[in-house]
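Number of protein chains: 6
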Amino acid sequence: MRILVANVNTTRSMTDSIAAQARHVAAAGTEIIGLTPRFGADSCEGNFESYLAAIAVMDTVLSYEGPYDAVIQAGYGEHGREGLQELLDVPVVDITEAAASTAMFLGHKYSVVTTLDRTVPLIEDRLKLAGLDARCASVRASGLAVLELEEDPERAVEAIVEQALLAVRRDRAEVIVLGCGGMAGLDEQIRLRASVPVVDGVAAAVTIAESLVRMGLSTSKVRTYATPRPKTITGWPWPAVDTPAVS
Amino acid sequence: MRILVANVNTTRSMTDSIAAQARHVAAAGTEIIGLTPRFGADSCEGNFESYLAAIAVMDTVLSYEGPYDAVIQAGYGEHGREGLQELLDVPVVDITEAAASTAMFLGHKYSVVTTLDRTVPLIEDRLKLAGLDARCASVRASGLAVLELEEDPERAVEAIVEQALLAVRRDRAEVIVLGCGGMAGLDEQIRLRASVPVVDGVAAAVTIAESLVRMGLSTSKVRTYATPRPKTITGWPWPAVDTPAVS
Amino acid sequence: MRILVANVNTTRSMTDSIAAQARHVAAAGTEIIGLTPRFGADSCEGNFESYLAAIAVMDTVLSYEGPYDAVIQAGYGEHGREGLQELLDVPVVDITEAAASTAMFLGHKYSVVTTLDRTVPLIEDRLKLAGLDARCASVRASGLAVLELEEDPERAVEAIVEQALLAVRRDRAEVIVLGCGGMAGLDEQIRLRASVPVVDGVAAAVTIAESLVRMGLSTSKVRTYATPRPKTITGWPWPAVDTPAVS
Amino acid sequence: MRILVANVNTTRSMTDSIAAQARHVAAAGTEIIGLTPRFGADSCEGNFESYLAAIAVMDTVLSYEGPYDAVIQAGYGEHGREGLQELLDVPVVDITEAAASTAMFLGHKYSVVTTLDRTVPLIEDRLKLAGLDARCASVRASGLAVLELEEDPERAVEAIVEQALLAVRRDRAEVIVLGCGGMAGLDEQIRLRASVPVVDGVAAAVTIAESLVRMGLSTSKVRTYATPRPKTITGWPWPAVDTPAVS
Amino acid sequence: MRILVANVNTTRSMTDSIAAQARHVAAAGTEIIGLTPRFGADSCEGNFESYLAAIAVMDTVLSYEGPYDAVIQAGYGEHGREGLQELLDVPVVDITEAAASTAMFLGHKYSVVTTLDRTVPLIEDRLKLAGLDARCASVRASGLAVLELEEDPERAVEAIVEQALLAVRRDRAEVIVLGCGGMAGLDEQIRLRASVPVVDGVAAAVTIAESLVRMGLSTSKVRTYATPRPKTITGWPWPAVDTPAVS
Amino acid sequence: MRILVANVNTTRSMTDSIAAQARHVAAAGTEIIGLTPRFGADSCEGNFESYLAAIAVMDTVLSYEGPYDAVIQAGYGEHGREGLQELLDVPVVDITEAAASTAMFLGHKYSVVTTLDRTVPLIEDRLKLAGLDARCASVRASGLAVLELEEDPERAVEAIVEQALLAVRRDRAEVIVLGCGGMAGLDEQIRLRASVPVVDGVAAAVTIAESLVRMGLSTSKVRTYATPRPKTITGWPWPAVDTPAVS
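Residue numbers (our numbering), protein chains in the order written: chain D, 0 to 246; chain X, 0 to 246; chain L, 0 to 246; chain Z, 0 to 246; chain Y, 0 to 246; chain G, 0 to 246.
Source of the hints: derived by calculation from the structure; they are not laboratory data. Only a predicted model underlies this, so the values are computations on that prediction, with no experimental measurement involved. Be a bit skeptical, because a hint or two may be false.
[Claimed, not checked] Below, a list of computed lysine-lysine pairs in the DSS-like style, where the Cα atoms sit at most 25 Å apart:
#, chain 1, residue 1, chain 2, residue 2
1, L, K127, L, K220
2, Z, K220, L, K220
3, D, K127, X, K220
[Stated by the list, open to error] Beyond 10 Å from chain G on every Cβ pair, some chain D residues (computed):
#, residue
4, D132
5, E149
6, E173
7, L216
8, S219
9, T231
Glycine included, every Cβ here is placed at the ideal spot set by N, Cα and C.
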């Protein structure tokens with residue numbers, strides 16, 4: 000089974016760490032292909048970058064040559080998953096939803112700890128749309144930017160643990176979700192320090208994608224995610240997206 | 000006052016009819032500038048086209064030279080409004096929200112009549128996120144594609160009226176919202192036939208944009224819609240979007 | 000265009016300041032008529048006064064001789080708007096809803112800052128019924144009574160700013176709504192001090208009323224707000240309300 | 000124990016039948032006093048009449064001389080209960096809420112069958128505000144006006160049973176609530192024909208009022224329903240309401 | 000009228016104090032029978048004990064010989080009420096719901112003060128399912144275990160009052176509900192100290208059960224709570240539960 | 000990895016078919032152990048049987064000797080999962096939640112098709128509590144009892160497909176969930192006939208349990224699902240449940 004794991008920003012080292020985290024949890028026969036968009040921002044921390052990432056991920060996945068069985072969109076709280084679901088016949092799993100969905104099997108309420116304060120409402124909105132917010136105790140910001148996570152993982156762990164403990168104590172969370180693709184790999188350390196289950200979205204998404212493939216399940220094509228109708232697309236420079244109807 | 004009214008698809012005749020509708024309701028001193036994206040689909044009827052439109056509208060607005068006081072995103076149920084709000088200092092009004100917000104002053108519940116069945120969930124999702132769904136009785140599809148509206152307006156009126164009447168009778172709506180930018184200008188005929196107030200999103204958005212400007216109000220920059228942080232954006236062909244920080 | 004702006008209490012100086020605020024934002028051709036109820040309390044700070052105000056406003060508006068194009072009910076969180084909508088054919092705009100609706104175009108969440116703690120639940124209830132509560136971060140009390148606002152505007156600004164800053168920081172509001180008709184005119188000062196958009200309900204209501212009139216839209220008469228059925232009304236001393244069917 | 004049961008309209012025969020229903024269920028030591036407002040409409044079927052009734056009931060209750068232990072507002076879906084709660088120290092029970100609250104002990108979901116279609120949204124709004132709507136399957140109209148219920152009880156039973164059966168079958172209700180004070184006394188016949196529990200609001204309210212008195216419980220005075228602040232009330236012709244602070 | 004009041008744990012002294020509280024509020028002609036389960040835990044403070052209690056209560060009630068008119072399940076936040084409703088033809092009242100339902104007649108919002116932190120989510124879940132959570136301000140833990148309440152009532156009052164005051168001040172509750180059957184009898188002291196109405200679930204349930212019986216109302220048998228279908232039940236040691244179809 | 004799959008009824012042939020379905024989807028190294036409760040009803044179609052099953056499953060799992068890595072509760076819409084989570088340190092997955100959670104990755108809305116009409120509210124309640132109901136379009140009954148599914152699978156497929164098609168067309172579902180453990184193995188046929196993804200809860204639960212184990216995640220023990228406090232449990236005949244503290 001081959002799973003494409005698409006980073007949402009153009010920072011290759013982050014693609015690498017996301018792919019490593021994915022491989023870490025992947026089953027024996029699963030091949031993980033990390034994809035970096037060919038355009039976009041070096042990190043996504045707001046709607047502008049996120050919308051750019053939405054089509055960058057579609058472009059990247061449509062440009063991938065060779066077969067694959069599932070796609071993971073590895074940005075936390077980002078736009079675009081619905082577009083991929085329309086364009087593809089294989090299952091699409093977003094790490095925001097994968098993590099929330101997994102957390103709900105582990106405790107009565109979960110909290111998300113993410114990067115900057117400004118991204119909190121984006122994540123809240125994604126969870127609300129996904130219908131996975133009823134048991135979300137809070138979304139908290141660690142105050143660290145996406146790229147700072149990589150630069151200083153120790154400080155990142157510190158800042159995330161602090162918010163995780165507040166989430167458990169004040170917001171009554173029982174499970175913590177890591178709210179950024181760039182936090183991949185930090186789950187174990189945070190779990191040890193916060194004494195509650197810690198869910199990494201990339202890992203969760205890999206297991207869900209594998210499961211869907213194993214059960215022979217993929218996106219319903221009856222209404223919302225039906226293949227796009229044939230359109231005249233003009234002005235767009237990349238042929239992959241230009242002719243999605245062939246996908 | 001100058002208001003940019005951005006169509007979400009590349010069909011110029013639709014930009015023209017949207018701009019005409021906007022001018023029809025605009026106050027004496029208001030100049031309406033219709034914008035057509037330089038890339039994208041000829042109509043938006045799903046998430047893929049809508050995500051493409053999201054950045055196409057950002058590109059188009061950022062490329063506009065000369066001053067303006069407000070921006071209207073004239074696609075019903077489309078993605079992207081949040082990105083524009085981050086990038087701009089002037090008010091941004093989405094016609095989906097403008098129409099719903101206006102309808103709520105006119106009756107206890109409203110229904111949206113849109114184009115194809117597949118776009119219904121997109122509109123429901125936008126209204127849910129906007130927090131304007133509590134008094135939405137239903138979103139109904141007329142069964143006509145976006146471009147069919149222009150080709151055969153008489154048939155369009157017929158199909159919309161049929162759904163409007165069902166919305167009033169069965170779903171208990173008291174106001175009808177026209178759920179497509181391409182329906183601009185049909186409101187009067189449908190109002191006469193359905194005997195309830197009919198709200199056109201383009202008209203509603205123009206009055207709201209004018210009002211915000213007159214009151215000296217614009218998007219809050221404290222958190223969600225703060226100006227994007229400085230990023231390294233690579234691979235993107237259009238300079239306007241490439242350097243949003245200067246806007 | 001002539002708009003009646005009905006104060007909900009009997010304090011004429013408050014009617015004057017509300018009308019002044021309305022005139023400040025009104026379009027060139029709009030005439031603002033301030034109305035003071037001929038019975039009721041000198042300020043509304045609870046359900047008893049508010050219910051009295053509900054019919055006092057109906058009485059005042061029905062007693063107004065001469066034509067008008069729209070009516071604004073200028074009490075924040077008060078009862079009665081639905082009654083006016085039944086009795087009149089012109090648009091009716093309540094400042095509670097006008098402000099909330101406007102605030103939602105300006106940020107992800109808004110908070111209301113009102114007068115006394117005891118009025119907070121009334122405002123919450125009105126927003127809930129209006130279906131405008133999903134993005135309301137909080138309703139906060141400044142601790143000042145309605146009439147104290149007029150007596151000491153400086154202290155009022157101080158107290159409102161304090162709560163506004165708490166709303167932004169703790170409740171994650173991005174926009175502030177002034178939750179009392181008596182706060183009309185303070186918006187600019189608070190905006191400067193709180194650094195977020197501040198919405199005054201009277202101003203918002205004027206622009207919305209003007210917009211509805213311009214678009215030729217008024218209250219739907221199909222169900223909830225249909226003209227009252229002919230009734231035998233006895234014991235009521237004021238003829239205006241006694242014979243609403245003629246309005 | 001003495002309970003005041005206030006009709007909301009001026010039709011004395013309806014006060015009588017409501018009081019009879021109240022006496023039918025009242026405990027041995029309970030005295031029921033039926034009150035008819037001294038002003039208002041002969042029936043309430045919309046917001047205008049309902050707002051008039053709100054203060055008419057307050058006036059009537061405040062004018063009552065002699066002691067009493069609880070007050071029942073016997074109009075289904077009407078305004079005003081919050082005002083009474085502020086003005087009085089004894090428990091106030093609204094039949095809309097009493098019936099819903101009782102129905103929830105009897106089945107998984109309940110439906111209300113009321114009079115005219117136009118009153119359905121008013122009842123929905125009251126239940127929403129009361130937080131008793133989560134298990135309300137539907138509010139259905141029998142199509143009969145309030146005064147028609149009295150004129151032709153047989154036809155009334157027929158029309159109510161028809162809607163009750165639809166509520167059970169289509170809306171999945173398991174309990175029926177009679178949605179009009181004027182339906183008092185019809186519960187037994189409808190129960191026999193619809194084969195589900197039928198709750199009459201007047202009866203339910205009497206038992207709840209008695210229970211609160213027996214438990215020594217009354218309205219909390221800490222915030223929302225605190226006694227009205229001293230006000231200067233002008234222009235109001237009835238002394239009872241003019242000086243509520245003494246109550 | 001005879002009402003069975005079933006304790007959910009096996010501590011007889013607690014059954015006694017619950018029955019005493021029930022008798023304290025019961026009407027003249029009402030006989031209260033306290034039942035102690037013949038198996039289960041000495042106190043219920045979690046799901047495991049609560050599920051055991053669910054069937055222990057069913058067993059106890061089904062084993063009761065002689066007629067009765069209503070059953071009260073006297074555990075706060077426990078499982079099982081739905082099963083009793085299926086098995087019995089007489090009304091079943093759960094103290095969790097009785098207290099919440101009663102509190103809603105007394106103030107705008109209520110809070111529950113219970114025993115241990117770990118039981119808070121169970122109570123929240125029961126209120127959510129019952130559709131009585133919309134006006135619940137908070138569920139707070141006093142930190143005392145169920146059996147500690149009996150051992151040291153003075154300390155219990157202290158701890159409950161502390162949380163009650165926080166609920167009123169911070170969570171904006173206006174009424175306090177005692178969230179444990181073992182708190183029966185403490186309501187008066189807490190009311191005096193917290194200055195808000197305090198609802199005891201056992202007392203509330205008794206009055207509601209009496210009221211339902213008086214009105215001739217009992218559980219609807221049309222769907223959810225229809226008598227269990229005939230089943231082959233094996234391996235269960237107690238005949239009462241083994242043959243529920245005869246009940 | 001060893002996963003216990005606990006049937007909720009005492010019908011061994013159903014345990015066998017559930018275990019077969021589990022093995023069908025299980026990964027190479029996963030051993031599936033089917034467990035049949037030693038007491039309870041031969042099928043669960045209501046709250047009484049379901050509550051009995053809740054503790055029967057706890058008894059069965061606690062009585063299992065030898066190690067295991069996860070537990071699946073294989074009854075659709077049944078009580079008890081929270082108790083297991085308290086008692087065990089390994090992950091517990093309920094098929095109701097597993098199926099809903101999986102369906103949400105496959106379409107905008109899902110519907111459940113279950114057995115009898117009377118079980119619909121139970122399933123709705125479980126989904127509501129699990130916070131997985133926001134995207135549930137409907138729960139529909141096929142009209143077949145649990146044991147009829149086994150007796151006549153062809154008729155079962157027919158009846159389920161009929162409701163599935165109605166769910167897609169009328170309720171706007173895009174994915175179908177099989178709402179009964181006894182439907183295990185029918186998914187493929189229904190998928191072919193209904194042309195939408197069909198999720199079997201047992202299969203979904205196996206993949207989720209495996210995933211949790213692989214990620215080293217299990218139930219949070221900080222609050223709701225902490226190990227039961229030490230209790231004196233009396234009268235209960237089975238030692239396994241009697242001494243849960245040792246587990």
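Check on D/E149 being off the interface with chain G, judged by Cβ distance over 10 Å:
It holds; D/E149 is separated from chain G by about 22 Å at its closest Cβ, greater than 10 Å.
Holds or violated: D/K127 to X/K220, with C-alpha atoms at most 25 Å apart:
Holds, because 23 Å separates the two Cα atoms, which is no more than 25 Å.
Closest CB of chain G to the CB of D/L216 still more than 10 Å away:
5 Å, violated
Separation of D/E173 from chain G, once the least beta-carbon distance is taken, above 10 Å
4 Å, violated
Beyond 10 Å from each Cβ of chain G, as asserted for D/T231:
27 Å, holds
Since D/S219 was said not to touch the interface, does its Cβ keep a gap of more than 10 Å from each Cβ of chain G?
D/S219 is in fact no farther than 10 Å from some Cβ atom of chain G, at 4 Å.
Chain G versus D/D132 - minimum CB to CB distance exceeding 10 Å, so not interface:
8 Å, violated
Below or equal to 25 Å on CA atoms is what counts here, so check Z/K220 against L/K220.
39 Å, violated
Going straight from one Cα to the other, do L/K127 and L/K220 come out at no more than 25 Å?
23 Å, holds
Comparing the model with each earlier hint shows violations of hints 2, 4, 6, 7, 8; every other hint is respected.
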